[in-house]
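Those sequence lines, one after another, are chains E and A.
All residue numbers for the first sequence refer to this note's numbering, where the first residue is 1 and numbers rise by one.
All residue numbers for the second sequence refer to this note's numbering, where the first residue is 1001 and numbers rise by one.
No lab work stands behind these hints, which were simulated from the structure alone.
No more than 30 Å apart at the CA atoms, straight line, and that leaves these computed lysine-lysine pairs for BS3-like:
1. 1022/A / 1036/A
2. 96/E / 1036/A
3. 96/E / 1018/A
4. 1022/A / 96/E
5. 1041/A / 1018/A
6. 96/E / 1041/A
7. 96/E / 54/E
8. 1022/A / 1040/A
9. 108/E / 1040/A
10. 108/E / 1041/A
11. 1019/A / 1036/A
12. 96/E / 1040/A
13. 96/E / 1019/A
14. 1041/A / 54/E
One-sided excerpt, in silico: chain E residues whose CB lies under 8 Å from chain A:
15. 41
16. 43
17. 96
18. 97
19. 99
20. 100
Heads up, the beta-carbon is just placed ideally off N, CA and C, and yes, glycines get one too.
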Amino acid sequence: GIQVEQSPPDLILQEGANSTLRCNFSDSVNNLQWFHQNPWGQLINLFYIPSGTKQNGRLSATTVATERYSLLYISSSQTTDSGVYFCAVRNTGGFKTIFGAGTRLFVKA
Amino acid sequence: ETGVTQTPRHLVMGMTNKKSLKCEQHLGHNAMYWYKQSAKKPLELMFVYSLEERVENNSVPSRFSPECPNSSHLFLHLHTLQPEDSALYLCASSQLTSGGQSSYNEQFFGPGTRLTVL
Chain E
1 GIQVEQSPPD LILQEGANST LRCNFSDSVN NLQWFHQNPW GQLINLFYIP
51 SGTKQNGRLS ATTVATERYS LLYISSSQTT DSGVYFCAVR NTGGFKTIFG
101 AGTRLFVKA
Chain A
1001 ETGVTQTPRH LVMGMTNKKS LKCEQHLGHN AMYWYKQSAK KPLELMFVYS
1051 LEERVENNSV PSRFSPECPN SSHLFLHLHT LQPEDSALYL CASSQLTSGG
1101 QSSYNEQFFG PGTRLTVL
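For reference, chain A alone in the conformation it holds in the complex (with noise of 0.2 Å):
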């Protein structure tokens, strides 16, 4: 595997349900993103993790939750989501640079998971 990948690609859900997305990154990058894109909307940054710690939390509400075990994985739990939550929810990866002020470089982005809720 290279690159960003994340699975499941689709995934079809209830308002009940509990699911989980997977990201997994093979860049050997320390920081790692939940964006969402939603129809006719710019891509929003859900959740920033450096160094395995949360350091951004974009107003989500707690029916999406992170866990970043590694480095090179990042997980988005999910429980009683709403039908608005249906999006392409993307992951992404970078290196932090540190020194005089530290640098967030170059993102690349996984594949997505298509989600849908019913």
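Same shape as in the complex, but just chain E (with noise of 0.2 Å):
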């Protein structure tokens, strides 16, 4: 089944700093998700990207299914961005959402 690995799996990062998560998955797809999971449990839809640019505020993504990856730009972090941030693939065709093993982000004051 296809793969998807996340990196970095933790990041710590002084306020104010800009980041960037990569997403790297094994096989095509058609459906590419990131998620921040707050420290309650929810996960809150960021983007969905299976290919392209999209902003929103301070973060950004961009997914290149050509080479199978997607980052994650997140500018000027703040410590409400401390969370988990997923990125979940499906393949062309399936119903199956693969999740990456996730990046802990912890921002500090």
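Hey, can you piece these two chains together into the complex? The hints should help.
Okay, structure coming up:
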């Protein structure tokens, strides 16, 4: 089955710093999402981005489907950005979503 | 209510108990999912219902029994669970679009039920 790898596994930032999170996947996908899981467990949708680039405030994401990776950019990080960031993908024609292991981010004040 | 809701939010049960988790989506979607998130493990897909039919049962033990009475509601019936079943159980929904090839679009998650089995 499709493999999803996220890096780095852990990241500590000073408030105001920028960061890039990476998601590599082993097969072609037609569905890719980025989520932020808050300390209470809620998964918050950040981007639905099977290809191309999107921006939402301080966050932006780029997926290069032909090269099988996606990047999530966080600029001017804030303490409220802390939590776990997940990438999730789905094969073309499939319904099974595969999640990566996540990147645990801690932003220090 | 908006989005995807789950009840209860927390549940403690003994190994001989029977309980049910409930999920309701208010997004007009036609596909619903159960996921399990254990400590230090990636989210694992358990079940998928599409148009109220189960299309995926990801090798889940029979002590977990899903039910989808309509496109807005999804249940997970629990019986004779084990302590290792303690986890966060998340429900999600999405819209299935049909065409040349069916596609399941963006998923939206509920807040989860944190289950502890004693």
